[in-house]
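S.K.: What follows is the residue order along each chain.
Number of protein chains: 2
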Amino acid sequence: MSPQAATPAYRRLSVEERRSQLLDAALSLFAHRAPEDVSLDDVAEAAGVSRPLVYRYFPGGKQQLYEAALHSAAEELRGCFDEPREGPLLPRLHRALDRYLTFVDGHDAGFSALLQGGSVVETSRTTAIVDGVRRAAADHIMRHLDVTDPGPRLRMTVRMWITAVEAASLIWLDEDKQPPMEELRDWLVDQFVAVLTVTATRDPQTATVLSTLSD
Amino acid sequence: MSPQAATPAYRRLSVEERRSQLLDAALSLFAHRAPEDVSLDDVAEAAGVSRPLVYRYFPGGKQQLYEAALHSAAEELRGCFDEPREGPLLPRLHRALDRYLTFVDGHDAGFSALLQGGSVVETSRTTAIVDGVRRAAADHIMRHLDVTDPGPRLRMTVRMWITAVEAASLIWLDEDKQPPMEELRDWLVDQFVAVLTVTATRDPQTATVLSTLSD
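Protein chains in written order, with the numbering used here: chain E, -19 to 195; chain G, -19 to 195.
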């Protein structure tokens, strides 16, 4: 089917709107199925458009669509950590984790597939996208902690905690979302303070950061 | 070259010995290069044997050799955590981490490639091997903690810590093995106690485990 054959309703959407409609459809499919189990046909059906139209927007096929959906999910995830630098620090972390866990909750299977890798369409490019989100999360935390030049110990502590949060999210999905989201959030915040406290005994920079946490 | 054309020195090794010689050669190559940068030629050269011989043992080629090397590394890693259940708990954890970090130190690039995935030869099978090691590590810890039926909070805490240790290892390799291995080991043990302490305030089982830690 040529693009001209599309119904008028199709043409009303701009290229950007159409693209974003297709990505939304793809994301909602990836949310509940592993990427290798989602076909372009499925995406076309979910978006209520023809398969050729999906190909027109993603001529690279499934891999391109998957990567675009991943980018879009990554953008959403980055947005979770985008918290104004105002007010006490720990409540900011609470709010960011609330948004993050809501995202995990809403994208369960797709989130697992995304992070656990091992999917047939995984490549070093998709790994790089996920790593970019991790790095962005670490940068956000450093900015909130008001640290412009984090030393190796503080940096490692923050990155370890981010990885632990990611692991917790996957386990949480695996365990039927137990404990409840609010408990998980508080637990993760407490763990953050606990690991910073451990590092603070070895690292003056982390000790300084820790002293500002309860401000 | 047919196997018969091999020099007499080749024939002196048993099938098992030969296989293990080839795996050692492969592991030492994977230790310093990403799997996709290692060819069967390289393995043959490193082991001082002919390429056809490598193919005879690994007819599936590179992917089969990589998986076999991965299995062998996984076995070695599992061995790190195989600590007798005698004496105080924290020194046991120290010893296990010493062995683990020595493994990481000796296999640096190969270890990163193994865990970070994103390699062209990565498949869900190799991911499953790595996950098996994580699970084995968690089981070892539970056995040392004398817990036969860990609840979700204790289980999640232990698995999060294992992931954090893994992340720390990768960051450590990335940061030119700073801080020194002994400091990293003590720091990881202290973090384990700290996160258990956080969980103990929410979970009676973890509180009981924590009270035995200093025994």
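Heads up, some of the hints might be wrong.
Chain copies aren't distinguished; within one or between two, either way the pair holds.
[Stated by the list, open to error] No farther apart than 20 angstroms at their CA atoms in a straight line, the calculated lysine to any residue pairs in the SDA-like style are these: (1) K157 <-> D62; (2) K42 <-> R114; (3) K42 <-> L7; (4) K42 <-> A89; (5) K42 <-> T188; (6) K157 <-> R133; (7) K157 <-> L190; (8) K42 <-> L69; (9) K157 <-> R(-1); (10) K157 <-> D119; (11) K157 <-> Q44; (12) K42 <-> Y80; (13) K157 <-> R123; (14) K42 <-> Q1; (15) K157 <-> A14; (16) K157 <-> G112; (17) K157 <-> R135; (18) K157 <-> R(-8); (19) K157 <-> P64; (20) K42 <-> P64; (21) K157 <-> R72; (22) K157 <-> G67; (23) K42 <-> L153; (24) K157 <-> R31; (25) K157 <-> I109; (26) K42 <-> L(-7).
In case anyone wonders, no lab produced these hints; they're calculated from the structure.
S.K.: Output the indices of the hints that this structure fails to meet, ascending.
M.R.: 1, 2, 5, 7, 8, 9, 10, 11, 12, 13, 16, 18, 19, 20, 21, 22, 23, 24, 25 and 26
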